[in-house]
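Quick note, the sequences are listed as chains A and B, same order.
Going by numbering that gives the first Met the number 0, the residue at position 69 of the first sequence is 68; the numbering climbs one at a time, nothing skipped.
Going by numbering that gives the first Met the number 0, the residue at position 75 of the second sequence is 74; the numbering climbs one at a time, nothing skipped.
Read the hints as simulated data drawn from the structure, not as lab findings.
Ideal Cβ placement from N, Cα and C applies to all residues, glycine included.
Among the hints, a few may not be true.
Stretches of chain B that chain A covers, calculated by requiring three or more beta carbons in the stretch to come under 8 Å of a beta carbon on chain A [claimed, not checked]: (1) 120-130; (2) 190-197.
DSS-like, lysine-lysine: derived pairs with alpha carbons at most 25 Å apart [unchecked claim]: (3) B:K28 x B:K10; (4) B:K120 x B:K90; (5) A:K126 x B:K197; (6) B:K10 x B:K74; (7) B:K197 x A:K124; (8) B:K197 x B:K74.
Simulated restraints, written as ranges between beta carbons of each label pair [as the list claims (entries may be wrong)]: (9) B:D48 x A:H20: 33 to 39 Å; (10) A:G113 x B:N14: 53 to 59 Å; (11) A:R131 x B:M96: 26 to 32 Å; (12) A:S23 x B:N118: 53 to 59 Å; (13) A:V65 x B:K90: 44 to 50 Å.
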Amino acid sequence: MGFPDTFLDNTPLGVIHPPVHPLSLTALATLNIELFMGDPSPRLTNILCRILPTPTLTSTIIEYSVWSSVEYCLQGRWADVDRWLARMAGNIRVQEGLSATLIRWPRGESVPEGFLREFRKAGGKIKTDSARQWFG
Amino acid sequence: MDSLPQELIDKIIGNLPRSSLLPCSLVAKRWRRGSQQRAFQRIELFYEDQVNRWYRDTLQDPDGVASYFRVVRFKDIPLWNDLTIFGRVLKSLGSLMEFWVYRTEIPGELPGIILSLPNLKVLSITAVTFESKELLSTHPAPPQRGPLDLLELRGDVGGLGMALARSQLTSRRLTLAVPIQGIEQLIMHSSETVVELKLYGMWLCGFPGARSGDNDGFSRYFPG
Numbered sequence: 000m001g002f003p004d005t006f007l008d009n010t011p012l013g014v015i016h017p018p019v020h021p022l023s024l025t026a027l028a029t030l031n032i033e034l035f036m037g038d039p040s041p042r043l044t045n046i047l048c049r050i051l052p053t054p055t056l057t058s059t060i061i062e063y064s065v066w067s068s069v070e071y072c073l074q075g076r077w078a079d080v081d082r083w084l085a086r087m088a089g090n091i092r093v094q095e096g097l098s099a100t101l102i103r104w105p106r107g108e109s110v111p112e113g114f115l116r117e118f119r120k121a122g123g124k125i126k127t128d129s130a131r132q133w134f135g
Numbered sequence: 000m001d002s003l004p005q006e007l008i009d010k011i012i013g014n015l016p017r018s019s020l021l022p023c024s025l026v027a028k029r030w031r032r033g034s035q036q037r038a039f040q041r042i043e044l045f046y047e048d049q050v051n052r053w054y055r056d057t058l059q060d061p062d063g064v065a066s067y068f069r070v071v072r073f074k075d076i077p078l079w080n081d082l083t084i085f086g087r088v089l090k091s092l093g094s095l096m097e098f099w100v101y102r103t104e105i106p107g108e109l110p111g112i113i114l115s116l117p118n119l120k121v122l123s124i125t126a127v128t129f130e131s132k133e134l135l136s137t138h139p140a141p142p143q144r145g146p147l148d149l150l151e152l153r154g155d156v157g158g159l160g161m162a163l164a165r166s167q168l169t170s171r172r173l174t175l176a177v178p179i180q181g182i183e184q185l186i187m188h189s190s191e192t193v194v195e196l197k198l199y200g201m202w203l204c205g206f207p208g209a210r211s212g213d214n215d216g217f218s219r220y221f222p223g
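Go ahead and model the full structure; you've got the sequences and the hints to work with.
What follows is the structure in structure tokens.
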């Protein structure tokens with residue numbers, strides 16, 4: 000049985016409750032998303048949407064090559080990722096909460112307030128890691 | 000030399016550099032087994048001739064050197080003259096714990112062979128080609144098989160993702176390229192075991208995350 004790759008009615012990801020064919024990952028502690036360029040694909044956000052809130056999840060790591068275009072990232076599917084992260088952060092039972100680490104973040108730059116806004120509102124913490132860069 | 004206790008010999012062997020292990024295995028009979036065990040713990044196979052040589056010289060005796068192999072890596076054999084050697088080699092590695100394949104042609108029987116390796120803990124397959132996608136076998140995982148420590152599928156692995164999903168193989172860590180067929184089922188089967196999930200959101204150029212100065216990504220994904 001295969002899951003559909005697209006939403007049936009084009010409804011924004013965060014509005015769909017409950018997710019179709021939910022994935023209940025009862026022991027999940029770390030989720031790592033790696034993107035080279037471009038938005039998160041529809042299939043990626045579709046899979047994320049299906050992962051039910053997991054009380055054990057403490058860490059998400061987002062590795063991306065072009066954070067320099069973060070203004071662009073404030074919209075579109077990043078907003079879907081934000082809503083999913085917010086949903087996860089709101090259901091964490093561990094004391095330290097849920098953190099999202101942005102890998103390859105440009106050195107010396109702060110994260111715009113609007114980026115992952117819903118996640119932060121839900122208590123999620125954002126960290127950056129500039130140690131590894133694609134160029135220089 | 001004869002008066003040295005075996006424990007001390009093993010301790011010495013355990014601290015030798017890898018380049019000294021094969022000469023050391025010729026010192027005396029009591030030095031041979033420990034030296035060979037360490038020397039043949041990991042092998043990397045890059046050419047079909049090399050695979051044939053290994054098979055001819057060591058792998059046909061399952062209780063000999065072949066039983067020492069724990070980590071085997073196949074890399075850059077995109078087309079075999081005789082693909083059956085791949086399956087024969089794998090079947091002779093009953094002690095295998097880690098199996099890595101990178102840009103190599105795989106036989107249709109691979110899923111079935113993988114599932115029959117009782118000690119396998121790490122399975123990593125990246126950008127493979129097939130003799131025929133239709134021939135990929137599907138086998139249920141044996142009931143006694145526990146979860147893998149790592150299941151990693153990246154790049155174009157054709158129907159292999161779906162074949163492994165149908166086998167209901169489970170893992171504690173999953174690293175999956177999102178375009179892989181069967182990815183949802185692979186995640187679902189590991190729903191009670193997976194502690195770490197890594198998703199590659201998209202896929203370019205046949206391999207993920209290639210960087211400047213790292214032309215094929217190999218060193219990154221085959222660490223050590």
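Verification of the hints:
Given as covered by chain A, the region 120-130 of chain B fails the check, having 0 residues with a CB less than 8 Å from a CB of that chain where 3 are the minimum. As drawn, the region 190-197 of chain B meets chain A at 8 residues by the rule of a beta-carbon pair under 8 Å; at three or more, the given contact holds. With a C-alpha separation of about 16 Å, the suggested pairing of B:K28 with B:K10 holds against the 25 Å cut-off. A hinted pair counts as satisfied when its Cα atoms are at most 25 Å apart, and B:K120 with B:K90 qualifies at roughly 16 Å.
Our distance criterion of 25 Å between C-alpha atoms is met by A:K126 and B:K197, whose separation comes to about 18 Å. Between B:K10 and B:K74 the CA atoms are separated by roughly 33 Å; this puts the pair beyond 25 Å, and the hint is violated. A hinted pair counts as satisfied when its Cα atoms are at most 25 Å apart, and B:K197 with A:K124 qualifies at roughly 20 Å. For a cut-off of 25 Å, the pair hint linking B:K197 to B:K74 stands: about 23 Å separates their Cα positions.
Under the hint 33 to 39 Å, the C-beta atoms of B:D48 and A:H20, about 47 Å apart, miss the expected range. Restraint check, A:G113 to B:N14: a C-beta distance of roughly 56 Å satisfies the suggested window 53 to 59 Å. The hint said 26 to 32 Å for the Cβ distance between A:R131 and B:M96, and at roughly 29 Å that hint holds. Taken as a hint, the range 53 to 59 Å is violated for the pair A:S23 and B:N118, whose Cβ atoms sit roughly 30 Å apart.
Here the CB-CB span from A:V65 to B:K90 is close to 45 Å, well matched to the stated 44 to 50 Å.
Hint compliance for this structure: hints 1, 6, 9 and 12 are not met, and every other hint is.
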